[in-house]
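Given the coordinates of chain A, assemble chain B onto it according to the supplied hints.
Line by line, the protein sequences are chains A and B. So for the first sequence, the numbering used here puts the first residue at 1; every next one is plus one. So for the second sequence, the numbering used here puts the first residue at 1001; every next one is plus one.
Worth flagging that the hints you see were computed from the coordinates, not collected in a lab. Cβ atoms here follow ideal geometry from the backbone N, Cα and C, with glycine treated the same way. Keep in mind that the hints are not guaranteed to be accurate.
[What the hints assert, rightly or not] One-sided excerpt, in silico: chain A residues whose CB lies under 10 Å from chain B:
{"id": "1", "residue": "Met6"}
{"id": "2", "residue": "Val59"}
{"id": "3", "residue": "Ser60"}
{"id": "4", "residue": "Asn67"}
{"id": "5", "residue": "Gln84"}
{"id": "6", "residue": "Arg93"}
{"id": "7", "residue": "Lys97"}
[To be verified] Cβ pair distances, simulated, as ranges:
{"id": "8", "chain 1": "A", "residue 1": "Glu8", "chain 2": "B", "residue 2": "Asn1278", "range": "15 to 25 Å"}
{"id": "9", "chain 1": "B", "residue 1": "Leu1306", "chain 2": "A", "residue 2": "Asp87", "range": "38 to 48 Å"}
{"id": "10", "chain 1": "A", "residue 1": "Pro4", "chain 2": "B", "residue 2": "Val1147", "range": "38 to 48 Å"}
{"id": "11", "chain 1": "B", "residue 1": "Phe1079", "chain 2": "A", "residue 2": "Arg93", "range": "31 to 41 Å"}
{"id": "12", "chain 1": "B", "residue 1": "Leu1306", "chain 2": "A", "residue 2": "Ser13", "range": "30 to 40 Å"}
{"id": "13", "chain 1": "B", "residue 1": "Leu1318", "chain 2": "A", "residue 2": "Lys47", "range": "28 to 38 Å"}
{"id": "14", "chain 1": "B", "residue 1": "Thr1235", "chain 2": "A", "residue 2": "Gln36", "range": "27 to 37 Å"}
{"id": "15", "chain 1": "B", "residue 1": "Ala1243", "chain 2": "A", "residue 2": "Gly78", "range": "45 to 55 Å"}
{"id": "16", "chain 1": "A", "residue 1": "Arg93", "chain 2": "B", "residue 2": "Glu1300", "range": "36 to 46 Å"}
{"id": "17", "chain 1": "A", "residue 1": "Ala94", "chain 2": "B", "residue 2": "Gln1263", "range": "28 to 38 Å"}
{"id": "18", "chain 1": "A", "residue 1": "Gly44", "chain 2": "B", "residue 2": "Ala1013", "range": "30 to 40 Å"}
{"id": "19", "chain 1": "A", "residue 1": "Asp41", "chain 2": "B", "residue 2": "Lys1038", "range": "46 to 56 Å"}
[Stated by the list, open to error] Not close to chain B: a few residues of chain A, all C-beta gaps over 12 Å, as computed:
{"id": "20", "residue": "Glu10"}
{"id": "21", "residue": "Tyr15"}
{"id": "22", "residue": "Asn24"}
{"id": "23", "residue": "Val35"}
{"id": "24", "residue": "Glu43"}
{"id": "25", "residue": "Lys63"}
{"id": "26", "residue": "Ile76"}
{"id": "27", "residue": "Glu90"}
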Amino acid sequence: MSIPVMKEVEPVSYYSIVQVCTVNAVEKSFVIELVQHGVVDPEGDYKEPDQWCFTQTQVSLCKRAANLYYDLQVNIPGIGLALQLLDELEQLRAKVKLLEDPLK
Amino acid sequence: MEFKDYYQILGVADTATQDEIKRAYRQLARKHHPDISKEPTAYARFKEVTEAYEALSDKEKRVAYDHLRQSGYHQGDEFKPPPDWQAQQGFSDRGFSAEDRADFSDFFSSIFGGGFKTGQGRRRQNFYGSDDPAAADIYAEITLQLVDAYQGGEKRIVYQSPEVQHNGQIVMKKHTIDVSIPAGVVDGQHLRLKGLGRARDSSGGRGHLYLEIHIAPHPLYVLDGKNVTKKMPVTPWEAALGATIDTTTLGGKVKLTIPPGSQSGTKLRLKGRGLPGNPAGDQFVILQLVNPATLDQATEKLYQQLAEVSNFNPRALLEGD
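Chain B with its partners taken away, still in its complex shape:
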């Protein structure tokens, strides 16, 4: 595995005080927080800075980490923990549940044995055994392609749930199941899978699994709830004279009528052609006028004729005449 230079990740010197480390972390966390930044790398960066902070903000962990780093490792170097490392440091599994460890880098786990779970670390803890009926409910996520959300169908999910063993120890148990996803689910929606939660203490019944749907970004369609939007290049003459063109929708090809006198940016609606449902979403098409990059002789001649004949001045309002 790769060695991570936590000082470099936080952009501080290895002599930085705890206050400097905290300040650097807060600035970077705000900058890269996945709910704020739209950079594709935001989540990975946020996880990285949080992990670096987790290591350097704890005095004991920092001393241990400094000790390793001083033996000559640099960012990206191949790293193997010394054979008796965990026993020597006494970090192994201290105070971390299996659930917490799910989100660590291997590097962090190999040094400290466990840690935090990004974004969930200080949230409501596993309240197994409480009287709240919701305590038996569990939660998982799945990312679908847009076409899967449109068509629905079976998808395999893997999730973990805590189970009590005979000796009273709680372990995370992995489950694999195929779920039939209904057609027309939207981003952020939850599906309730009855009886897949953990066992309730007294009643013997089981809680539910809430599965959160995420839809992966699509190269052509922009998604907004059940509606999808797509850009459509058209020629200047199609926009001026009107035309009927073929366009693809999630459900296949349809004819799209472009009204005469359309502008670049004109938004047309294909009713009910978005994600299915009651009511179904719509597909929007935004027209983009495109000129040919090079003109052949005949086209150039026609354009010249047009220039001579037309008295259209799109700048009339700008120039006040």
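Chain A extracted, bound-state conformation:
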């Protein structure tokens, strides 16, 4: 049997809250809590979650938040702090990588 070819491929640029929930396998209430705690900051009316508009970076952020929440039982304020520190760590690691072993 020949393998079908899927041509109707649409890159997602902006995500609705429903899409964020689908791609990260999380409940809507979890995403709403992340927004209420300022962990992610989507575009759109703060009071209308169904009109929020997430960028790809924000979707990745939601995914990392969900991993910390479900795998390590970190609470939402703790997730905000952990992600901020991990982000700084990431930037420092990138700098170190460029400074040491310059030719690798």
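Showing chain B alone in chain A's frame:
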């Protein structure tokens, strides 16, 4: 298959209390969590400790596991479950869906018949049949090489989706499909494949498949969104006098102009030479000054002349004169 010593994996004695096991697991989970650790083995280690915890934190599972372990197995030994094992223990398929089982080690599954799915275990469950239109959407991932992300092209993916059989039973069905990946996708981006999700209950239509793109690390290029960065070794005289050198980009060779007086660490930009798009990303080149490891006579003589002639003192500011 290999026997896994779950006590050794968690670093606890086989007499450890449930509290000690939980503490050891929490420490190791934090240390090896793939969102925290950048070690290449992080994901595998995290999966291993989670599996060990899953086995030892459940009293019934632990008793069953201890029974097996006491028959003389050690970490890495060749293991075969006793012939009537699952029937005897009554673990087989208890409460686990086919979807959950996707991520187990064979060893775990052979003893307990199923288990958890790393990172997804306690997340939103399959909400098949709910009224939410998103319930018909499904999700899959694909890892591409950087060159594939740059050029785009057809890639084969295999994914699973739950289907209802005539008798009402839900089974995971495997699908294989070729997807034409557009050029210029970035790490973490999703592609929506219309109509490849599961069937919606009432309307008869189908949901979508969301395909998440991952880009494998590249030995030369560091990726940041659509931008790529590469290091470029240059000689001290090229950096001092300026030069035009050949450099490779994702799209082929280009000439790169090094301005006179460049330093090690100088960052140069090749506009639009990153991943394609609107706007396209850039390629950054970071210069690294490299001295020859050994000097031939002529070069050494020139360096000596330079030392005599030049009054450049890079330490002037450090020494305060």
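Going down the list of hints, with the structure as the test:
1. Taking 10 Å as the C-beta cut-off, the interface hint given for Met6/A holds, the closest approach to chain B being about 5 Å.
2. This hint holds: Val59/A has a C-beta 7 Å from the nearest C-beta of chain B, less than the 10 Å allowed.
3. Residue-level restraint check for Ser60/A holds (minimum Cβ-Cβ distance to chain B is 5 Å; threshold 10 Å).
4. Hint status for Asn67/A: holds, given a least beta-carbon distance of 5 Å to chain B, under 10 Å.
5. Nearest Cβ of chain B to the Cβ of Gln84/A: about 13 Å, over the 10 Å cut. The hint is violated.
6. Satisfaction of the interface hint for Arg93/A is found here, the shortest Cβ-Cβ separation to chain B being roughly 7 Å, below the 10 Å cut-off.
7. With a cut of 10 Å, the hint placing Lys97/A at the interface with chain B holds, because the nearest CB-to-CB distance is about 8 Å.
8. Distance hint check for Glu8/A and Asn1278/B: the Cβ-Cβ separation is about 20 Å, which falls inside the suggested range of 15 to 25 Å.
9. Look at Leu1306/B against Asp87/A: about 45 Å separates their beta carbons, and that is inside 38 to 48 Å.
10. Between Pro4/A and Val1147/B the C-beta distance comes to about 25 Å, which lies outside the given range of 38 to 48 Å.
11. For the hinted restraint 31 to 41 Å between Phe1079/B and Arg93/A, the CB-CB distance of approximately 39 Å keeps it satisfied.
12. Range check, Leu1306/B to Ser13/A: about 55 Å between beta-carbon atoms, so the 30 to 40 Å window is missed.
13. At roughly 58 Å, the beta-carbon separation of Leu1318/B and Lys47/A lies outside the given 28 to 38 Å, and the hint is violated.
14. The hint said 27 to 37 Å for the Cβ distance between Thr1235/B and Gln36/A, and at roughly 56 Å that hint is violated.
15. At about 52 Å, the beta-carbon gap between Ala1243/B and Gly78/A stays in the expected band of 45 to 55 Å.
16. Against the hinted window of 36 to 46 Å, the Cβ-Cβ separation of Arg93/A and Glu1300/B comes to about 39 Å, which satisfies the hint.
17. Taking the beta carbon of each, Ala94/A and Gln1263/B are about 19 Å apart, not inside 28 to 38 Å as hinted.
18. Judged by the Cβ atoms, the range 30 to 40 Å given for Gly44/A and Ala1013/B is violated: they are separated by roughly 54 Å.
19. Between Asp41/A and Lys1038/B the C-beta distance comes to about 26 Å, which lies outside the given range of 46 to 56 Å.
20. Taking the minimum C-beta to C-beta distance to chain B, about 5 Å, the non-interface status of Glu10/A is violated against the 12 Å cut.
21. Separation of Tyr15/A from chain B is inadequate, the least Cβ-Cβ distance of about 8 Å not exceeding the 12 Å criterion.
22. The Cβ of Asn24/A does not lie farther than 12 Å from every Cβ of chain B; its closest approach is about 8 Å, which violates its non-interface assignment.
23. Separation of Val35/A from chain B is adequate, the least Cβ-Cβ distance of about 17 Å exceeding the 12 Å criterion.
24. Every CB of chain B is more than 12 Å from the CB of Glu43/A (nearest about 18 Å), matching its label as outside the interface.
25. Not every beta carbon of chain B lies more than 12 Å from that of Lys63/A, the smallest distance being close to 8 Å; the non-interface claim is violated.
26. Under the 12 Å C-beta cut-off, the non-interface status given to Ile76/A relative to chain B holds; the minimum distance is some 15 Å.
27. Not every C-beta of chain B lies more than 12 Å from that of Glu90/A, the closest at about 8 Å, which undercuts listing it as non-interface.
Hint compliance for this structure: hints 5, 10, 12, 13, 14, 17, 18, 19, 20, 21, 22, 25, 27 are broken, all remaining hints hold.
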